[in-house]
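Residue numbers (the working numbering), protein chains in the order written: chain A, 106 to 311; chain B, 522 to 822.
Rather than coming from a laboratory, the hints here were simulated on the basis of the structure.
Wrong hints could be hidden among the right ones.
[As the list claims (entries may be wrong)] Below 27 Å or equal to it, Euclidean Cα-Cα: the simulated DSSO-like pairs (lysine-lysine) are:
{"#": "1", "chain 1": "B", "residue 1": "649", "chain 2": "A", "residue 2": "167"}
{"#": "2", "chain 1": "B", "residue 1": "651", "chain 2": "A", "residue 2": "167"}
{"#": "3", "chain 1": "B", "residue 1": "737", "chain 2": "B", "residue 2": "766"}
Read off the chains here:
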Amino acid sequence: MTAVARMTVLVMRTVAPYRTQGLVVFGVIVLIDSRSLVGLIPALALLLAPLVAAQPFMVADKADLQTLYAVLPLSRRTVLLGHYAWALLSFLAIVITGTALAALLAQAQDMPFGGRSLATLLTLSWALFAVNISIQLPLLIRFGYTRISVLATTVPLALVMLAVIRVHLDLESIQDWLPLFWVAGAAALATSAALASCASNQRQRS
Amino acid sequence: MTGDLAFALRGVGCVVGNGFALRDVSFELPTGYVMGLIGANGAGKTTTIRCLLGMQGIESGEIELLGHRVPGPVALRQDVGVVLDHTYLVGDWRLSEVERTLRPFYDRWDAVRYRQLLEEFGLDLRAKVKDLSRGMGMKLMIAVALSHRARLLVFDEPTSGLDPVARDELVGIIGDFLLDEGHSVLFSTHITADLDRIGDYVTLIHGGRIVRTGSKDEILDAYRVVRGGPDELRDLVGVELIGVKESSSGAQALVRTEEADFLGGGVLVEVPTLEEIAVHIGLSSRKPAAGVPDGRREEFA
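Please take these sequences and the hints and turn them into a complete structure.
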């Protein structure tokens, strides 16, 4: 197992005792969006995935895991990449589960589901998630959950939603841009990881 | 790098976020011994330890840890166990999960030893970290450190808040750890009684500066406690009084041993305990007590 994989498992074990909270949020989102299949997957990506990505920071602040990370034979870069890997893996798990659930609901409601509209929904979910995480993780790494929890979750959400409203995005309008959305999301995450690395160094010095 | 040193700090300086600074901190510990880092709350013990472990960047000087310059290779942390006055593990982990979680990070993790140690310490594998008392939590962290076969144990105020029985157990655990000549211990505390039994070396820190460092006997030989009536201490000439304590029945202070020869017969001079040395040095920067002129007091500048 690589160092990043070990760190990712550590992050997973960090939040494992609190999985019920994530399941409750998942259930609430599914309940709210169960009649609007278009909104279910993006809602999970926008609301649940960032919460799950931020949860290790919340636990870390409470349990002083920054000390654990400093004591374990782990570089700061590994710690950082482990958090990003956890965010990506949890996003994948959430989106796969959400997609399966949406397919079941579509079948039960005799609604069309899949094909190009599904690809668009997944792309939109990825873009929302990537933008949100790209802003949130460097802030969490620099300041910790306790100091910026509101900032980390509310501001990115507001920015994304504002952009959606102002540009009047709809599924049809973004279909030609799908590859660009995937690339832009990945680029945002890579830039964010580089920023987070600097933030991590600053936090150690302070 | 010096191979027979567990660690060495040479001229280390750093400023932390709240404005507190370490200045020109230098001391070292040969491999195989226990060093007590003594100072009052806020003296700089934790900052010194954070610098030693590479958790805090330094602005001047150099640090050597187990033959490597700090910050050294990440693998160096395989050889260092850190026990603080609190656990730094997820509260909802059971002790079995602690092992499952930490084991992959250590090349020399010994699962059998971990379980043996928990049993020896009276810790249940099914217990949750958050349900452990302070003493139990400290034992858990020691079990973790010993299970990955650390060569250097660093304790930061491990005994504060522990009852005498738990403190005594800790001393026994450290004694067992030191049976291996390659093992060393740095023990920061303001409870000096813990060091009377196990300390080989002592470093006194005050206001971010090292006041004195050396073997325990050297430190004890370096000072004398002088006791007398307030007037008797006030009348002393050519002697620097360290941390004067006054009460209705008299006054006492610390003096350097070489200056004790200048004292007259009217005062009582005794060999101090580590606690007395720590207390008087801790008092030395506080507001002067009434009755003794400011000029009669020393400054650790």
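- Task: Verify the proposed pairing of residue 649(B) with residue 167(A), using a straight-line Cα cut of 27 Å.
- Result: 15 Å, holds
- Task: Take a quick look at whether residue 737(B) and residue 766(B) sit within 27 Å of each other, Cα to Cα.
- Result: This hinted pair holds, its Cα atoms lying about 24 Å apart.
- Given hint residue 167(A) paired with residue 651(B) - CA-CA distance at most 27 Å: 11 Å, holds
Against the hints set out earlier in the document, no violation occurs for any number.
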